[in-house]
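Asks: Sequence:
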Amino acid sequence: MLVFMTGGTGFVGKNLTRVLTEKGHEVTILTRPGEGRPPLPAGARYLEGDPTRPGPWQERAASHETFINLAGASIFSRWTERRKRDLLESRILTTRNLVEAIRGRRKGIAHLLSTSAVGYYGFHDEGDLYEGNGPGGDFLARLAVDWEAEADRAREAGVRVAICRFGIVLGKGGGALEPLERLFRLYAGSPVGSGRQWFSWIHEGDLARIFLYLMERTDLDGPFNCTAPGPVRNAEFTRTLADALRVRAFLPAVPGFLMRLVLGEFGGVILKGQKVLPGRLLKEGFHFRFPDLPSALEDLL
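In the numbering used here, the protein residues as written are 782 to 1082.
Derived from the structure by calculation, the hints contain no laboratory data. Each residue gets a CB set at the ideal place from its N, CA and C atoms; glycine is no exception. Check before you lean on any hint, since a few could be wrong.
As the list claims (entries may be wrong) - Keeping only pairs whose Cα atoms sit at most 35 Å apart, straight-line, the calculated DSBU-like set for lysine-lysine is:
(1) K953 <-> K888
(2) K1056 <-> K865
(3) K1053 <-> K953
(4) K804 <-> K1053
(5) K804 <-> K1056
(6) K1053 <-> K888
(7) K865 <-> K1053
(8) K953 <-> K1064
(9) K1064 <-> K1053
(10) K804 <-> K888
To be verified - Label pairs and their calculated CB-CB ranges:
(11) L964 <-> S1076: 21 to 27 Å
(12) T999 <-> R863: 25 to 31 Å
(13) S844 <-> G1066: 28 to 34 Å
(14) D1024 <-> D906: 42 to 48 Å
(15) L967 <-> G836: 43 to 49 Å
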């Protein structure tokens, strides 16, 4: 299958590209001029273009069958007004331009697998969250709602749209796990705030397999929670990671006021969470290889 991907040079995109090409798919990765270009596996190639701007890349993109939209600036930083604008534009404009490219296809069936995030649901102290739950009202929730709405515009052209709402992705060589591992190996790991906030996560291998599954199951569309069936509280995550690394996590919890002081509004995000479960994937029979945190960390570490 011919696959066109935005965000393919990022942490998730690099692993997904490798998995797709191993399965025999051909992958074209859109990359900005001057952007770093890591070596690609056989079966993958780069196409130069700015996804936040219309351009010749859209005509080239239209020749593909499946479109995977991963682009978006990282939320893991202090949120200034400038940074919030970057978070918004990197997602909304990229998705809008990609959908315009797909709508320019002359023939054939197209499939769009577009990223969103579990931030869609807003923050909840307790209670299970499934795909049928409504959105929250905070910045991340509004961002996810607008992001998904741009992707859904592709339906007007008869395109199948699946929305992949990511939890925190755990993987090798990047993402949330790499800096945490460094801290814990320095005996500097600790819970954050109360430690009771829910942490909805997924192993990078299972995430890649979800994309393969949704590519094959062309009868499935709409939102899918891309999270493991075993979410944990922050304190449990801390203990499990310390056990996996065979180190002690003996420091007291990081106070909430300190997180807000250092990271501003994003610090408040870290102090909250939501218990998101992959209801639709489980109902359809998708099998998670790493459904619980100990098995995931054992594999990754």
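Asks: None of the hints should be skipped; say for each whether it holds.
Replies: Here is what the structure says about each hint:
no. : hint                       : verdict
1   : K953 <-> K888              : violated, 39 Å
2   : K1056 <-> K865             : holds, 25 Å
3   : K1053 <-> K953             : holds, 25 Å
4   : K804 <-> K1053             : violated, 38 Å
5   : K804 <-> K1056             : holds, 32 Å
6   : K1053 <-> K888             : violated, 46 Å
7   : K865 <-> K1053             : holds, 19 Å
8   : K953 <-> K1064             : holds, 29 Å
9   : K1064 <-> K1053            : holds, 28 Å
10  : K804 <-> K888              : holds, 25 Å
11  : L964 <-> S1076: 21 to 27 Å : holds, 22 Å
12  : T999 <-> R863: 25 to 31 Å  : violated, 40 Å
13  : S844 <-> G1066: 28 to 34 Å : holds, 33 Å
14  : D1024 <-> D906: 42 to 48 Å : violated, 26 Å
15  : L967 <-> G836: 43 to 49 Å  : holds, 45 Å
Going through the hint list in order, the structure does not satisfy hints 1, 4, 6, 12 and 14.
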